[in-house]
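Each number in the working numbering comes from the position in the sequence shown (counting from 1) with 71 added on.
Hints in this document: simulated from the structure, not taken from any laboratory.
C-beta atoms are modelled at their ideal positions from N, C-alpha and C, and glycine is treated no differently.
Hints may be right or wrong, so weigh each one.
[Said to hold, decoys possible] Cross-link-like lysine-lysine pairs, in silico, DSSO-like; alpha carbons within 30 Å at most: (1) LYS138 with LYS89; (2) LYS145 with LYS156; (3) LYS145 with LYS133; (4) LYS133 with LYS210; (5) LYS133 with LYS83; (6) LYS156 with LYS133; (7) LYS138 with LYS210; (8) LYS138 with LYS211; (9) LYS166 with LYS156.
[Unchecked claim] Taking CB as the label site, the calculated pair distances span: (10) GLU97 with LYS166: 27 to 35 Å; (11) GLU109 with ALA160: 31 to 39 Å; (12) LYS211 with PRO136: 43 to 51 Å; (13) ASP137 with GLY107: 37 to 45 Å; (14) PHE114 with ASP165: 20 to 28 Å; (15) MET185 with ALA160: 20 to 28 Å; (16) GLY110 with LYS166: 27 to 35 Å; (17) GLY78 with MET118: 33 to 41 Å; (18) GLU149 with THR129: 25 to 33 Å; (19) THR192 with ASP165: 15 to 23 Å; (20) ARG101 with GLN208: 31 to 39 Å; (21) GLU143 with GLY107: 17 to 25 Å; (22) PHE113 with ASN80: 12 to 20 Å; (23) ASP137 with GLN117: 25 to 33 Å.
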Amino acid sequence: MVEATWGWNLHKEIPSSKDAAHEVIEHLLRAASDAGWEGRDFFHIQMAIEEALVNAVTHGNKESPDKVVELEFKVTAETVFMRIKDQGAGFCPDKLPDPRDDDHLECTNGRGVMLIREMMTQVQYNDIGNEVIMVKQRKKG
């Protein structure tokens, strides 16, 4: 995925707090809106970034004040790129139970990862599972 020119980008570290996460989510959503993202695609971006960033803060870094979350966001009218990296031990997303299976309907683990995979065009985790890259391509038509 190569974009010639990103209309908006942000690369920073934030403290492991939900307040800091929600503040930076607002910046990304404003940039996406300004770039013309709306409707279902905008909702998918919002859901995916909230799931990934809150997971990084709460599950990855366990809201530790000694840890940070590294963010990289890039936005154009056609593509949104989001990279989130926490300082936690990571996890294996492929080993999470499928929350749609009858045996796991009451279990909340894995729902966010499943939603992210369903809503994004591309999703990639690093080898230890403490970094996720999500890409959303605008739907044609």
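Against the structure, the hints come out as follows:
1. Of the supplied pair hints, the one linking LYS138 and LYS89 holds, its CA atoms being roughly 13 Å apart against a limit of 30 Å.
2. Under the criterion of a C-alpha separation no larger than 30 Å, the hint pairing LYS145 with LYS156 is consistent with the structure, at around 15 Å.
3. A hinted pair counts as satisfied when its Cα atoms are at most 30 Å apart, and LYS145 with LYS133 qualifies at roughly 26 Å.
4. Annotation: proposed proximity of LYS133 to LYS210 is violated, straight-line Cα distance about 35 Å (limit 30 Å).
5. Taking the CA atoms of LYS133 and LYS83, the gap is near 19 Å; set against the 30 Å cutoff, the hint holds.
6. At roughly 13 Å between alpha-carbon atoms, LYS156 and LYS133 fall within 30 Å of each other, so this suggested pair holds.
7. The hinted pair formed by LYS138 and LYS210 fails the criterion: a straight-line CA distance of about 36 Å is larger than 30 Å.
8. Under the criterion of a C-alpha separation no larger than 30 Å, the hint pairing LYS138 with LYS211 is inconsistent with the structure, at around 40 Å.
9. A hinted pair counts as satisfied when its Cα atoms are at most 30 Å apart, and LYS166 with LYS156 qualifies at roughly 19 Å.
10. Remark: the range hint 27 to 35 Å for GLU97 to LYS166 is upheld by a beta-carbon distance near 33 Å.
11. Separation of GLU109 from ALA160 is about 38 Å and conforms to the stated range, judged on CB atoms against 31 to 39 Å.
12. Evaluation of the 43 to 51 Å hint for LYS211 and PRO136 yields a pass: the beta carbon distance comes to about 45 Å.
13. Taking the beta carbon of each, ASP137 and GLY107 are about 39 Å apart, inside 37 to 45 Å as hinted.
14. The beta-carbon spacing between PHE114 and ASP165, approximately 26 Å, falls within the hinted interval of 20 to 28 Å.
15. The given range of 20 to 28 Å is respected by MET185 and ALA160, whose C-beta atoms sit roughly 21 Å from each other.
16. For GLY110 paired with LYS166, a C-beta distance near 34 Å keeps the hint of 27 to 35 Å intact.
17. Range check, GLY78 to MET118: Cβ separation about 22 Å, and the 33 to 41 Å hint is violated.
18. For the pair GLU149 and THR129, the beta carbons lie near 32 Å from each other, so the given range of 25 to 33 Å is met.
19. The beta-carbon spacing between THR192 and ASP165, approximately 19 Å, falls within the hinted interval of 15 to 23 Å.
20. In this structure the supplied range 31 to 39 Å is violated for ARG101 paired with GLN208, their Cβ-Cβ distance being about 20 Å.
21. Range check, GLU143 to GLY107: Cβ separation about 21 Å, and the 17 to 25 Å hint holds.
22. Between PHE113 and ASN80 the beta carbon distance is about 18 Å. The supplied range of 12 to 20 Å therefore holds.
23. Distance hint check for ASP137 and GLN117: the Cβ-Cβ separation is about 29 Å, which falls inside the suggested range of 25 to 33 Å.
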